[in-house]
Amino acid sequence: MSRLQTTLLPPLLAVLFAALLCSIALLISGDNPGAALAVMVTQLGAGTTAVDVINTGAVYYIAGLAVAVGFKMKLFNIGVEGQFRIAACVAAIVGGLLPLPPVLHVIVILLTGMLVGMLWALVPALLRAYRGVSEVISTIMLNAVATGVIAWLISPAAFGFVQGNNISTPPIAPTGHFPGIDLGPSGTIFGMVFVAALLGVGYWFLLGRTRFGFELTASGESPTAATAGGVEARRMVLIAMLMSGAVAGLIGLPEVLGREHAYTLVAPQGYGFTGIAIALLGRNHPAGIAVGALLWAFLDKSALALDNIGVPREIVLIMQGVIVLSVVVAYEIVRRYAMAAEQRRVAAELRAQQQPVAEGAAT
Amino acid sequence: MTDTAEPDAPYAVELAGITKRFPGVVANRDISLRVRQGEVHALCGENGAGKSTLMKILYGQLRPDEGTIAVNGEPVVFRSPADAIRVGIGMVHQHFMLADNLTIAENVLLGAERRLGIGAKAKAEIARLAATVGLDDDPDTLVEHLGVADRQRCEIIKVLYRGARIVILDEPTAVLVPQEVEDLFETIRGMKAEGYTFLFISHKLDEVRAIADSITVIRRGTYVGTADPREVTTRKLAEMMVGSELPSPQTRESTVTDREVLRIEGLQLAGEGAPLLDGIDLVVHAGEVLGIAGVEGNGQTELVETIMGIRRATAGRIVLGHGDRARDITKATTLERREAGIGYIPEDRSRHALLASQPLWANRVLGHQTRPPVARRRLIGLINRAAARKDTQRIVEEFDVRTPGVDVPAAALSGGNQQKLVIGRELSGDPVLLIAAHPTRGVDVGAQAGIWDELRAARHRGLAVLLISADLDELIGLSDTIKVMLRGRLVADADPATVTPEQLGAAMTGADGPEEGAA
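Protein chains in written order, with my numbering: chain A, 948 to 1310; chain B, 34 to 552.
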């Protein structure tokens, strides 16, 4: 199998498998899978759906990248959720309180978000690097802490701003709005979509072309070999975790900068966990994560469309769950198969090159 | 549950026409092997010859594509090792499979509780078997307190307890020093007299001749012949094994200079309890190979890792270079040490030297990520992939790494070729000092000769080499000076021109000192 096949086949099979399973679920519940599929596809042409998919996809893409940076080093940053929420909240407060000229205002909000996300990741990073505390435990606990801190930050006693029966951070002045692309009735594409794309390019370059990326990959593949090769494990844990946090700090900002212009009590949650699924789906590859993010956003949107024709929207959750589960399994199977195939291929090519070599069993 | 070995029952094991194909490789081709009851039968062949495959077939771990197996005259078909154990075949693996935090008795009983329970009856049986294999320790001793030789005995008890009368020993002497090997052979001879049958896998020919009653040689998966150890010479056996003249590890003329490259003074590394390294002093000169002999686990690994900066010395100094170019690297990071010109061949290739799923060229970058050609000269922090590929291609050609290209993952190569790649990488970038820990471990004879040649050539060019090896022939053959390490200290010097393996072995176990046995 070529590298392309080993990369593309598993997610494709996973999606097909999920579609099959969902069809069966629909049949059992007495719905028509064909009609459901038709609605899912045609929804893209209706209203703002396509643009919504792209906008949500951008948010998911950033979340996927944030998780993937950690995954590259076998760090499981479950705390992307908490990091993104507290970062969005603090960035919105700073943006709402500081009167700044255009452009600079947006940049300050973006940098604040990254900084806060980074700081929220600093604690687990230090604990992991110097005390060996599992980042899974510390980050998930900090998620809970973040919820509490946010509740206090947006309470009227702190920075809260009461609007009707909703509470939010002080609204950000128009200088701090990130302009989007207005497509009229089809909706407005967030300007942050392009930031997300740039982030993807940066991630690709960093991992594939730089010493840092090499050291990150090496540490993830074999911490012992990386150490012997002069990579400082502690430093890599710190940097990877902080980078993950910094990227996480941007997840909430497309909505804050492009639509809400404040962080509200009802601001969406769960992007951090979705990011984990998407990073798995995209296999930590920038292009793969993009596909995964768009697919996820598309499925999310489908829930609404399906609801309209009376198909239970939960079918989408089933589909998402099955996709993630089967993609992980499929990758592992393909990985093992590909490695064995590679070894056979090397042995075969060597024997073709020169008969008397390598006929023994590899021990 | 097993037949007792009787001298008139001719064959304990008969393998006939065994063929096992793996995709692209014939690991065993029409091999026949017959082992008489109550004999020690040696199976010889270089690494990769198919010994392990054949033994896995006999032990039920693999099923042959063709051929038959008969045990004590009865044809058998094994679906799993459990089937093999049932007819009385046991295998002692080269790498011990013992739980350190359990006692000897617990390790033996683990998984075999159904035979005699875990009470007094079981204890009595273990005590009896311990006497059989010459294990003096109390069965309630924790395995973590046992030395290598006793762990091996514990493994043997495990297979005997499960009813084995035919014991496969997979390279049992690889981990032992000469005296321990002699003890093991004593045990085997004793057990042979009690009717046990042994299949002894090895490529150490002198040992094979010392212990075996008959020898089967296989090469590249095919049967070469059976020899009588009383008649065959070591040289003849070796020729059967490799099919050519033996490579010799002899270093010719001395290239030692008086230019110091590495000076270590009073190096100390604290451990839990006894220090891991205690007052190490040594100097390696340009063009010199300094060999460190010692039983594994006496501080060699720690010494290497302290020199490489992977562990931090608690006291002492490490100086690289001499005169005004001398540089104290005691506090330097591993990367700084590598940049200062130290190459490092770690003892565990797969864990410390290679990124298994990464392509060869990425493995070329490891350890060199800050230095040209793989790092860009002008744009600091960027990796030059094209240059890394090109330089990997150079290593592949110069060091005869057998691979279809530099984009295959490192795991796809055989051990010897992986090692050649590692050595090529570590000799890249003009190192002044090479730390070579077991450079030919797990490598076939052909690759071993190539690696020795490369090390000699590098030494000739003025490279200083610190060689750690468990292979005494390698140590004696390559080194200009030998120091012996025991319990974290350098306890003796030896001249490789005159020392014998027996003398080294004695120094390594402290046999000429007050205490006996390995630490």
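Rather than coming from a laboratory, the hints here were simulated on the basis of the structure.
Fair warning: this is a prediction, and the values are worked out from it, not measured in the lab.
Each residue gets a CB set at the ideal place from its N, CA and C atoms; glycine is no exception.
One thing to keep in mind: the hints can contain errors.
Distance windows between CB atoms, simulated [as the list claims (entries may be wrong)]:
#1 Ala373(B) <-> Ala1105(A): 52 to 58 angstroms
#2 Arg409(B) <-> Pro1126(A): 34 to 40 angstroms
#3 Leu967(A) <-> Leu175(B): 51 to 57 angstroms
#4 Asp361(B) <-> Val1080(A): 32 to 38 angstroms
#5 Leu959(A) <-> Arg404(B): 56 to 62 angstroms
#6 Val1080(A) <-> Gly196(B): 27 to 33 angstroms
#7 Met130(B) <-> Glu1279(A): 52 to 58 angstroms
#8 Glu1279(A) <-> Ala373(B): 37 to 43 angstroms
#9 Asp361(B) <-> Arg1181(A): 19 to 25 angstroms
#10 Asp63(B) <-> Leu959(A): 41 to 47 angstroms
#11 Ala419(B) <-> Val1080(A): 39 to 45 angstroms
#12 Arg404(B) <-> Leu1130(A): 49 to 55 angstroms
#13 Ala1234(A) <-> Asp63(B): 49 to 55 angstroms
Not close to chain A: a few residues of chain B, all C-beta gaps over 10 angstroms, as computed [to be verified]:
#14 Arg67
#15 Asp116
#16 Asp133
#17 Ala164
#18 Leu175
#19 Glu215
#20 Glu219
#21 Glu293
#22 Thr366
#23 Thr403
#24 Arg418
#25 Arg427
#26 Arg520
request  = List, from low to high, the hint numbers that the structure doesn't satisfy.
outcome  = 5, 6, 7, 22, 23, 24
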